[in-house]
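Novice: From first to last, the protein sequence lines stand for chains P and Y. Residues in the first sequence are numbered consecutively from 138, following my numbering. Residues in the second sequence are numbered consecutively from 75, following my numbering.
It is worth saying that the hints were derived from the structure and are not from the lab. The beta carbon of each residue, even a glycine, is placed where N, CA and C say it ideally should be. You may find that some hints are simply not true.
Derived DEER-like restraints, expressed as beta-carbon distance ranges [said to hold, decoys possible]:
1) Y:Ala91 to P:Phe198: 38 to 46 angstroms
2) Y:Gly103 to P:Thr154: 45 to 53 angstroms
3) P:Gln161 to Y:Ile113: 21 to 29 angstroms
4) Y:Pro187 to P:Gln151: 43 to 51 angstroms
5) Y:Ile113 to P:Thr167: 24 to 32 angstroms
6) Y:Ile137 to P:Val251: 33 to 41 angstroms
7) P:Phe198 to Y:Thr100: 23 to 31 angstroms
8) P:Ile149 to Y:Asn97: 38 to 46 angstroms
9) Y:Gly103 to P:Gln188: 37 to 45 angstroms
10) P:Arg152 to Y:Pro187: 43 to 51 angstroms
11) Y:Arg186 to P:Phe212: 38 to 46 angstroms
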Amino acid sequence: SAVISQKPSRDICQRGTSLTIQCQVDSQVTMMFWYRQQPGQSLTLIATANQGSEATYESGFVIDKFPISRPNLTFSTLTVSNMSPEDSSIYLCSVSRETNTEAFFGQGTRLTVV
Amino acid sequence: DAKTTQPPSMDCAEGRAANLPCNHSTISGNEYVYWYRQIHSQGPQYIIHGLKNNETNEMASLIITEDRKSSTLILPHATLRDTAVYYCIVRSPGYSSASKIIFGSGTRLSIRP
Numbered sequence: 138s139a140v141i142s143q144k145p146s147r148d149i150c151q152r153g154t155s156l157t158i159q160c161q162v163d164s165q166v167t168m169m170f171w172y173r174q175q176p177g178q179s180l181t182l183i184a185t186a187n188q189g190s191e192a193t194y195e196s197g198f199v200i201d202k203f204p205i206s207r208p209n210l211t212f213s214t215l216t217v218s219n220m221s222p223e224d225s226s227i228y229l230c231s232v233s234r235e236t237n238t239e240a241f242f243g244q245g246t247r248l249t250v251v
Numbered sequence: 075d076a077k078t079t080q081p082p083s084m085d086c087a088e089g090r091a092a093n094l095p096c097n098h099s100t101i102s103g104n105e106y107v108y109w110y111r112q113i114h115s116q117g118p119q120y121i122i123h124g125l126k127n128n129e130t131n132e133m134a135s136l137i138i139t140e141d142r143k144s145s146t147l148i149l150p151h152a153t154l155r156d157t158a159v160y161y162c163i164v165r166s167p168g169y170s171s172a173s174k175i176i177f178g179s180g181t182r183l184s185i186r187p
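So that you can see chain Y by itself, here it is in the shape it has in the complex (with noise of 0.2 angstroms):
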């Protein structure tokens, strides 16, 4: 099962930021936190991934509670094209099948012109 929870669905302005939240509060101590997006008929797409400290790319940024137990990925600048499902993700380390990754439900987000 999912160690995830996240809201069903969300909407952000384009232009504006999105923050799209997620729980884990199971989440081992060596666990990381990924996120992905899919957009329609599409394959999961990589965003961002985390252990405890805050991140930053080019596509966004992930921010990490300091107990572990939640995150939040922030879409600086939301256009339409970023209009998707997004998923937020535990994962173990290793070689073997507990490092499997596992999706949960996700949060479609939609962005309004």
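Chain P on its own, in the form it takes in the complex (with noise of 0.2 angstroms):
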């Protein structure tokens, strides 16, 4: 298994701010993932972060809106930039050591913009 610490854990921000969302794992990992989950949906993936590469992100979401930082096996940081009360969700960071196994997912930032 792999344990993954997400911080803060939960955030009030204030409108046309940014807010960066740390995840920190407990081993090298191959791929690490974020996710948005808006109040009462399903997950949505954000953006794939490996190490050594930019991160591939999906359809409506873009680098300047959610930047994200891989910079070693073990850390990914994930910006909110420019934040609007439609930022209001909870930020889960994933990873996966390797291919076919299970992903772990942290447990989550839930942010709240005002």
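Using the hints, build the complex out of the two chains.
Specialist: Below, the structure written as structure tokens:
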């Protein structure tokens, strides 16, 4: 298994500001994923972040709004930029070591934009 | 887009087996079937996965049809703590974005006392 620590666990932010969410894993992992879960909805993939390469963003998500860093095999950050109330969601980090094995999820960051 | 379809909700009596169906009619030969669940306000939890053979672990059993177009997750003795949203996912092998995990709408399972 993998233990994932996400920080902060929750935050309330003013519109127009930015928040950086950290994802720390207790061991090296190949793939890291960032998701958004809006209230009452399923998880939506924002981007895939592999170490040593640019993040790959899903349709509807752009790097200017959600810049991602992946400096090493145990750490990644997601920034939510120029926030609006529509960005209020839970943001989750997920990791996978190898193909065809389970992915592990952090407990999420609950973001409220006011 | 998600490659699976699931009923939006189901319920089951405590102590009985809960059988959750999933259709994945466009699954490719090298794609695995994964099941996760999400208990309220927590991150998704891995349950089980398989390619074409039936699988069993301490949490559940996974039955995949011979044509691989559908599968069933079985919780043999459901408890109140199994109340959650259950997600069926197909995933490609590899280290590229092709092996990303795409969630569908899932099945909200309610266990009644």
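Novice: All hints are to be evaluated individually against the structure, with a verdict given for each.
Specialist: Verification of the hints:
no. : hint                                     : verdict
1   : Y:Ala91 to P:Phe198: 38 to 46 angstroms  : 40 angstroms, holds
2   : Y:Gly103 to P:Thr154: 45 to 53 angstroms : 48 angstroms, holds
3   : P:Gln161 to Y:Ile113: 21 to 29 angstroms : 23 angstroms, holds
4   : Y:Pro187 to P:Gln151: 43 to 51 angstroms : 45 angstroms, holds
5   : Y:Ile113 to P:Thr167: 24 to 32 angstroms : 27 angstroms, holds
6   : Y:Ile137 to P:Val251: 33 to 41 angstroms : 47 angstroms, violated
7   : P:Phe198 to Y:Thr100: 23 to 31 angstroms : 24 angstroms, holds
8   : P:Ile149 to Y:Asn97: 38 to 46 angstroms  : 40 angstroms, holds
9   : Y:Gly103 to P:Gln188: 37 to 45 angstroms : 29 angstroms, violated
10  : P:Arg152 to Y:Pro187: 43 to 51 angstroms : 44 angstroms, holds
11  : Y:Arg186 to P:Phe212: 38 to 46 angstroms : 43 angstroms, holds
In summary, the structure is inconsistent with hints 6 and 9 from the numbered list given earlier, while agreeing with the others.
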